[in-house]
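A.B. asks: Residue numbers (my numbering), protein chains in the order written: chain L, 2 to 179; chain R, 25 to 695; chain G, 76 to 385.
Don't read these hints as lab results, they were simulated from the structure. Ideal Cβ placement from N, Cα and C applies to all residues, glycine included. Each hint should be verified, as a subset may be incorrect.
Okay, the calculated beta carbon distance ranges per label pair [unchecked claim]: (1) His461/R / Gly295/G: 31 to 39 Å; (2) Asn172/G / Lys322/R: 53 to 61 Å; (3) Gln144/L / Asp350/G: 20 to 28 Å; (4) Asp350/G / Ala167/L: 35 to 43 Å; (5) Ser14/L / Asp278/G: 26 to 34 Å; (6) Gly20/L / Ser415/R: 39 to 47 Å; (7) Lys220/G / Lys157/L: 42 to 50 Å; (8) Asn172/G / Ala167/L: 26 to 34 Å; (9) Gln237/G / Ala554/R: 40 to 48 Å.
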Amino acid sequence: MSATKTRNGFKSSIEAKSGAKYSACYQCGKCSAGCPAAYGMDLLPHQVMRQIQLNHKDKVLNSRTIWMCASCETCTTRCPKEVDIAKTMDALREMAYAEGRISAQPDTVIFSEEFLNWVRRTGRQFESGLVGLYKLRTWHFFQDLDAAPKMMRKLKIFPRRIKGQAAVARIFEKCKAK
Amino acid sequence: MARVGVFICHCGENIGRTVDCAAVAEAARKIRGVVHAVDYKYMCSSPGQNMIRDAIRQHKLTGVVVAACSPRMHEPTFRRATAEAGLNPFLCEMANIREHCSWVHEDRAAATRKAIDLVGVMVEKVKRNQPLLPIRVPVTRRALVIGGGIAGIQAALDIANGGHEVILVERDASIGGHMAQLSETFPTLDCSQCILTPRMVEVAQHPRIKLYVYSEVEAVSGFIGNFEVKIRRKATSVDSSICTGCGACQAACPMAKIPSEFNRNLGPRKAIYSPFPQAVPNKPVVDQENCLRYKTAKKKGTKAAETKVCGKCLEACPIAPKKAVDFSLCEDTFVTEKVGAIVVCTGFDLLPMNQFGEYGYGKYPDVIDGLQFERLASASGPTQGAMKRPSDGKEPKEIVFIQCAGSRDNAKGIPYCSKICCMYTAKHTMLYKHKVHDGRATVFYMDVRAAGKNYDEFWRRAVEVDEANYIRGRVSKVYQRGDKLIVKGVDTLSGELVEINADLVVLATAMVAQPKTEHLAQRLSIGYDAHKFLSEAHPKLRPVETNTAGVFLAGACQAPKDIPDTVAQASGAASKIQGLFSSQELERDPTIAHVNETTCAACWYCVDVCPYQATQKKEIKDRQGKLVKMVATVNEGVCQGCGLCAATCRSKSIELDGFKDEQICAEIMAL
Amino acid sequence: MGNAIGFFPGCSLEGTAAEYRLSFEAIAPKLGLQLEEIEDWNCCGATAAHNLNHKLAVALPARILALAEKAGYQSVVAPCAACSHRLIVTRHELAENPELRKEIEDIIEMPCRGTVQVKNILQVLLEVGIDKIAAACTRKMTGIKVACYYGCLLVRPPKIMQFDDAEAPQSMDKILAALGAKPVEWGLKTECCGGGFSMSRTDLVCKMTRDLLEDASAAGAAAFAVACPMCQSNLDLRQHNVNAAYGTAYRMPVLYITQWLGLCLGLSAKELGLDQHFVNAAEVAEKAFATPPAPARKPAQAPVAAGNKE
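With the rest of the complex left out, here is chain L (with noise of 0.2 Å):
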């Protein structure tokens, strides 16, 4: 392990779970241009790549921008230096995840939590389930109760569970960040 490896251990980690090459990124800014969620961001998406390259890891984890990213990959799209911003996002929020940083945009993790419970519980998605769940947990109990009588006829009551359950809650148990 080279000196510069362990002096930039975030840097590296990032790099080695996204596949990017962060020194490629020479700042031009074209994905914070194009990026349609960077207006209510508190580090552009070029910043980011600017503190990984500066190892600056707080920074980046427990900014909103990473729960503010909406995976539109446009970003990834447009990089002149092909460096992968999209999936750089991804492995930012397992990282800070798994470290518990999630106080600068709860909801959006509550909202993905609910999700991936009731995958877990049945294999699929229980839609009635998840908007009940992440209500409670987020307080916002008044949220489009005017959409609910369409919507209702649409959802279903009760969750259906599929015959490959306890298959899907081993990949879960496997999945699990150690």
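Given chain L, work out where chains R and G should sit, using these hints.
C.D. replies: The following block gives chains R and G in isolation, referenced to the frame of chain L:
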């Protein structure tokens, strides 16, 4: 009886540190045929060379082996020293114990053993070397310049003024190239055509320059000093010897909507046209693809001269008794010229707009490239120099310039910088602001590259005096909404998103090689890189030569560059040619192939494989003139000594002088 | 399996995008498509999985691919763009990384060789053939201006999806043009709608969706065509939220490509689930086939002088 002298060079530390040179000399002395072996610090130095010369005389050497660097470095040096001592220079060989030994190994013992082997191999070869005499070929002291842009014009003038005849071949109907399309040039803001047209006229009137416009190089054969070039003269349908360039035919032509290539499709031209008013020569040509008469003739299968359709240009031509417009001149013709040197000045092209999906694929009329902006700004352009945007002719109040459109972009396959765009974009902002005082020019850039003389001051003037708005950041997308172009960019220095509703967007598109250059390079047997830019012989020390002797390069065909560098390179190529033409004869390396006519089976495999067409078929006749047999023969003037024929020959009838089979086998056996 | 194509509905087609499933299954027989639902399929993990756990994000789609392989399908159609994206990206990752594939096969307890091809709904329709689709139509639309909205996941990233063009796609436009509609050219065809942030960042979805509504209506569109349940939901369900937040008054129905097709193949609005949309889609079913008013007579114009002098 062989008497070989072996000289081991230390090359300072380069060889001496890894190879035990004294030991190699010691081992060499033991080889049969070696009568003298020494080692020395620097064989290529004067004392070193003296050693060789003295040893040749003293020990009556019949062959010399210098174990040192690569022959590509000093073979000429040692061969010259050998010749000066009265021994045929081709009896001197080099054993490469530097690039092939000391520079690639670390183990001293193993490297020394290898060096001894290498020396032994070369001694065996030299024992079987034959003295060879250089081949002398006459030099045709005329030059061919391919391309009539500023590079070609400069090279042609320099060579012609040096007293030699020049053939200048230009593909378009006029010389001038891209420089003629520019409005003003950086960093002086000189009017481009004002400084260029005097040179163009000088070329046209120069007694030693033969100008072929609307022509292309069709085929090239031969070798340095003796090229034969076939030139295709495209059909013009105009007898330029009697045409006065009055323009009446152009005014009369009814085909008024053909997009003008000179104006980069921003304005029209006629089917019979001269590319621009200041064209040199100012003689029009007929574009057969768009001429009504030619189109009708093609459909009907008749000849244009006999098809009574349109013909308004013919009617309008005032020349008498014979009209200058002549539809019988409808076929391309060919001429052959003999020249001694060739300069390639084919210039550049711009990355086409259809490569930019995020900027509209070229479908938005108000997203244009740098050369199109030049035409808009130019007084001789489609808007007479008024700032009017292509879609509706309105004066743009908000212009966005996007730098690095395609350049420095690995995703688009263009990792290099196009060098000129930072400067011409700064120039564009100034031209715009000088014409539209209340307009706003925004430049999205990554880095501003302004490395030439007065260049940095120039772009700072654009920012500080002409108030160009420079934002560091790339634009992700441009799309049309109503009559505005929405530009989505970012300011990386302040960390803010930027969105501009522009009236006109100018892309500084990447400079690329002309599409036909690859084909031309193959015909000339010169190299080119992955981006189809022509390869110079050495990037540092030989920028105007190619690896093919007698073919030189100048201008943007070699790499993106601006006008001052192009002119300098053109003059450089011209001076190399003056050097080449300074003597009546050229010496050629005699290590070429020879055919044993007794054993040749006339299978012609050697003719098929020769990349230089040096092997030819020869008839052997008896005294009565009756054909006895056919054999292969090698043209001494063309053969480059590559050895392909020798390797291919099935009857072992071809051998390379200096590299005969006996020699090669002896080398292998010595290992 | 003969001509059958594996059908992966995905979770949203069971629930919020029920009309997408309804319309697809209704038009399939008319187009000669034999759909066979993959037995006991599981959720692909969508955005939630790849947001939090890479291995899970690969394992869940891998199980679906493995099931399809086991059943012997040559190809699988996933009408939901997010599902098709996850399946294609997973297949790509497993092909590029044999070590990962072994690990995943272990986790899902099934072999996954990547022999099944994954297609999105537009690919399947294009393979049926535009001519065949046009021939199967019992009625054609009369030039209604529709904005074809592709969203992110059908075309990006281009190196992996290798479908249509990532900046200016035309596949949906071609289909709609063959059906008699007039697809408009607009700039935000592939701009993100906010995806899965519908509940957790409704403000973000409203901002992004509003840009889409603005641009499409500026281009003259009267309705949208989509091929993704999230895009449909964000444009349709959230349209009234956009109007509330920005003071606008958009009323642009958002129909799935399968619904547009279904209307032209002779199916009724009810059969296609048009009554389940939030922005009234049934009335567009009428408008699309109405005879357009005769164009107003333009006064004779003086010939325009040649644009540029020589």
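A.B. asks: Now tell me, hint by hint, if it's right for this structure.
C.D. replies: Hint-by-hint comparison with the structure:
1. His461/R / Gly295/G: 31 to 39 Å: This hint holds: roughly 36 Å between Cβ atoms.
2. Asn172/G / Lys322/R: 53 to 61 Å: At roughly 57 Å between Cβ atoms, lysine 322/R and asparagine 172/G fall inside 53 to 61 Å, so the hint holds.
3. Gln144/L / Asp350/G: 20 to 28 Å: holds, 25 Å
4. Asp350/G / Ala167/L: 35 to 43 Å: Holds, at about 39 Å.
5. Ser14/L / Asp278/G: 26 to 34 Å: 33 Å Cβ-Cβ, so the 26 to 34 Å window holds.
6. Gly20/L / Ser415/R: 39 to 47 Å: holds, 44 Å
7. Lys220/G / Lys157/L: 42 to 50 Å: Given about 37 Å between the Cβ atoms, the range is violated.
8. Asn172/G / Ala167/L: 26 to 34 Å: Since the Cβ atoms of asparagine 172/G and alanine 167/L sit about 28 Å apart, the hinted range of 26 to 34 Å holds.
9. Gln237/G / Ala554/R: 40 to 48 Å: violated, 24 Å
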